[in-house]
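*Asks:* Go ahead and model the full structure; you've got the sequences and the hints to work with.
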Amino acid sequence: MARILLVEDNEMNRDMLSRRLTRRGFEVSLAMDGREGVDKAKAGDYDLVLMDMSLPEIDGWEATRQLRGDPNTERLPIIALTAHAMAGDREKALEAGCDDYDTKPIELARLLSKIEALLPDAS
Amino acid sequence: MNPPASGSPIPDASKQLRHELRTPVNHIVGYAEMLLEDAADPAHAERRALLEEAITGAREVLVQINTALPPSTAELSAVDVAALYAALQPPRERIVRAVDALGEVPGVAEDPDFSGDLGRIREAAGRLAPPRDEGAARAGEGATDTRGAREAREPDGRARILVVDDDEDNREVLRRRLERDGHAPSCAADGREALERIAGERFDLVLLDVMMPEMDGYETLQRLKDGPSTRDIPVIMISALDDLRSIVRCIEGGAEDYLPKPFDPVLLRARIEASLEKKRFRDQEVDYLKQVDCVIEAAASVEAGAYDRTSLTHVAQRADALGRLARVFDSMASEVRSRETRLRSRVRELRQEIDAARGQRVTSEDFEGSRLENGEMFAGRYEIVELLGHGGMGAVYRAHDVELDEDLAIKLLRDEFVSDPESLERFKTEIRLARRISHPNVVRTHDFGETGEVRFLTMELVEGLTLRELLDSREKLGVSAVLAIAGQLADSLAVAHAQGVVHRDIKPQNLLLDPDGILKVMDFGVACLAERSSNLTQAGAIIGTPAYMSPEQLIGEAVDERSDLYSVGVVLYECLSGRPPLDGSSPITLIAKVLREEPPPLADLADGVPEAVCALVHRLLAKNPGDRVQSAAALSGELARMS
Chain A
1499 MARILLVEDN EMNRDMLSRR LTRRGFEVSL AMDGREGVDK AKAGDYDLVL MDMSLPEIDG
1559 WEATRQLRGD PNTERLPIIA LTAHAMAGDR EKALEAGCDD YDTKPIELAR LLSKIEALLP
1619 DAS
Chain B
13 MNPPASGSPI PDASKQLRHE LRTPVNHIVG YAEMLLEDAA DPAHAERRAL LEEAITGARE
73 VLVQINTALP PSTAELSAVD VAALYAALQP PRERIVRAVD ALGEVPGVAE DPDFSGDLGR
133 IREAAGRLAP PRDEGAARAG EGATDTRGAR EAREPDGRAR ILVVDDDEDN REVLRRRLER
193 DGHAPSCAAD GREALERIAG ERFDLVLLDV MMPEMDGYET LQRLKDGPST RDIPVIMISA
253 LDDLRSIVRC IEGGAEDYLP KPFDPVLLRA RIEASLEKKR FRDQEVDYLK QVDCVIEAAA
313 SVEAGAYDRT SLTHVAQRAD ALGRLARVFD SMASEVRSRE TRLRSRVREL RQEIDAARGQ
373 RVTSEDFEGS RLENGEMFAG RYEIVELLGH GGMGAVYRAH DVELDEDLAI KLLRDEFVSD
433 PESLERFKTE IRLARRISHP NVVRTHDFGE TGEVRFLTME LVEGLTLREL LDSREKLGVS
493 AVLAIAGQLA DSLAVAHAQG VVHRDIKPQN LLLDPDGILK VMDFGVACLA ERSSNLTQAG
553 AIIGTPAYMS PEQLIGEAVD ERSDLYSVGV VLYECLSGRP PLDGSSPITL IAKVLREEPP
613 PLADLADGVP EAVCALVHRL LAKNPGDRVQ SAAALSGELA RMS
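Protein chains in written order, with the numbering used here: chain A, 1499 to 1621; chain B, 13 to 655.
For the record, the hints were derived by calculation from the structure and aren't laboratory data.
Bear in mind the structure is a predicted one, so any value in this text is a computation, not a measurement.
Note that the Cβ used here is the ideal one computed from N, Cα and C, for glycine as well.
Hints may be right or wrong, so weigh each one.
As the list claims (entries may be wrong) - Partial pick of chain B residues on the chain A-facing surface, computed with a CB cut under 10 angstroms:
| hint | residue |
| --- | --- |
| 1 | N38 |
| 2 | G42 |
| 3 | M46 |
| 4 | E49 |
| 5 | T68 |
| 6 | A70 |
| 7 | E135 |
| 8 | A136 |
Said to hold, decoys possible - Here are some of the chain A residues that sit facing chain B, going by a computed Cβ distance under 8 angstroms:
| hint | residue |
| --- | --- |
| 9 | N1511 |
| 10 | R1517 |
| 11 | I1604 |
*Replies:* This is how it looks when you write it as structure tokens:
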């Protein structure tokens, strides 16, 4: 069962996404801001991080950069999530070190295929 | 997000607004899709359709947002914002309608997860409406075209300010300055004109010159503060006078502030902004209190039976505690109302059956011979009117109580039952308990009496048919009618059981139905007499058929409330199918079947009976009391929930 860390400050987004992913068989952990996200990602053993880009404390880009800077987490798959859908957001996310990028509203099928693409083949 | 009051664009306003609007859309789509996954069952087609509707609405919102605020837009004017919110209104209302309709779908209100998520969707839709202090929101939902002179804010959110000064140049200077600052100024040349303008239009603020001919500023201020509809408009006095006394006089008169002429434009702007801000807060408070009033009124209308859920739509969209109160209140009131409607329609059907049967009523045969004559005086107090029928206990007469000048029912108890002193005493104990039961579905027992060798009971007189007569006439009854019977039966048993009385002889002969469809259960406590009789083989003659008795009762084991529930099961089975669950050529054969055989599935014998009802009846017929519904109160609850 793949372990996903969801870093999202909005309560309803957290609730929705974690429930839907849990139903699909993922083990979902939550972090409510950038700092908590970085701490948990470094301490825990996650297969993938879903990172909302606009977070309090430190934002998603900065959090991603910090994770990439740490040898433990430099290879940890990170998918950026954003509600903005602005031109340049994708490039910005990839530049910060994210592996992929998805916009809200979340289309679950789309997000799932991105997640699966990044996870090592299930053992 | 507040539109820029100064008229100049806020940096990143577009990005911020896009985020603020896409977030609730995200929530609507996310929760709706999750609920769709839950509603995969073919029985939930209606839910799915409505959820799709909400999602479509949300997608429309997204289209509008992307059109009005394409990613490249950095600057944003207040006009753009207002136009966007106006464009969002139709799809937003579409979402709200779908959510409201979902709330009405059977089964939804009872499902806390589903309702909870539905509430979140509604809340998210509320966040697609413009912020509360905008003139559009104040005008109420869907009132985009009622922006008459009564609107306090211009459609683009600019404040309406009235400048009152007798000097034309002053007026002009102020007007231009206010326009530059992003407000919507109007002018009046004197106090009288000012009052006229204010009477005709709503203003957010009045700038009032003190020194004016005819009606000066003080007097104008006074008039404004005296009027109930004008006293809340903030007034800033402007004057060349600069002494403390005139300042104090203005403030005492109710002016919010005072500006000396020549005015400092920066100071002017700041004070105007402050006044407008204060007014916004006051308006919000007033509005909040009005919405609280809506909820209070809704409560009153529920009591009056006139609740209209559209009265709370507005309040229900709030994202705060008041909104939640309104939503919970609405779902509770709707649930209560739909239950009442269900119950009423069930009783209606039952009444129709009763009416049909009464038309065909045949007087029951007298197999024993009437012991009393019509017109005969009985026990020195009761004048016999007519024989009503025969119960297992004895003949029942309608009699007139000459002392109380009221009609009642008298049941003569057959000698066999009352000859044994021990059983008689037990019987009296039961009667004492039964007399305490006061319930619309229980025939009241008044008294036990003796006259000569004859013992009798006096009871409430009920005009109506027995269920036995109804069934004999109609064969079987519709589901709604049966549920009406079952509900009342369960209620009456719940009350009796709570008093420690087990009926022990529930059967169609003991269930009376009056013309209004009210069920009345007879003979509480009387059945214990029969139980003490040892000869069960003669059961057919003495107590009627054992068809309605529970297995444990038949073999003489301990009997409790659940035995009554078994009997209820038999009655309901017979009502729905036209025949008892188990039948036998002789009492012995019947008893054997009751103890050992399972009744044929009700669904095979009765068309159109919902599965849940069949399952409930079979549960009541479980051989083992532990497998039945465990209490009459629980049965009541299950019946009330059935649609």
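*Asks:* None of the hints should be skipped; say for each whether it holds.
*Replies:* Outcome of the hint check:
1. N38: Cβ of N38/B sits 4 angstroms from chain A, so the hint holds.
2. G42: 4 angstroms, holds
3. M46: Status holds, d = 5 angstroms.
4. E49: 7 angstroms, holds
5. T68: Hint on T68/B: violated, closest Cβ of chain A at ~13 angstroms, above 10 angstroms.
6. A70: Constraint on A70/B satisfied, holds at 7 angstroms.
7. E135: 8 angstroms, holds
8. A136: 7 angstroms, holds
9. N1511: Holds - the Cβ of N1511/A comes within 8 angstroms of chain B, reaching about 7 angstroms at its closest.
10. R1517: Hint holds; R1517/A Cβ to chain B Cβ min 6 angstroms, cut 8 angstroms.
11. I1604: Where the cut-off is 8 angstroms and the nearest Cβ of chain B is about 6 angstroms from I1604/A, the hint holds.
Violated hint: 5 only; the structure is consistent with all others.
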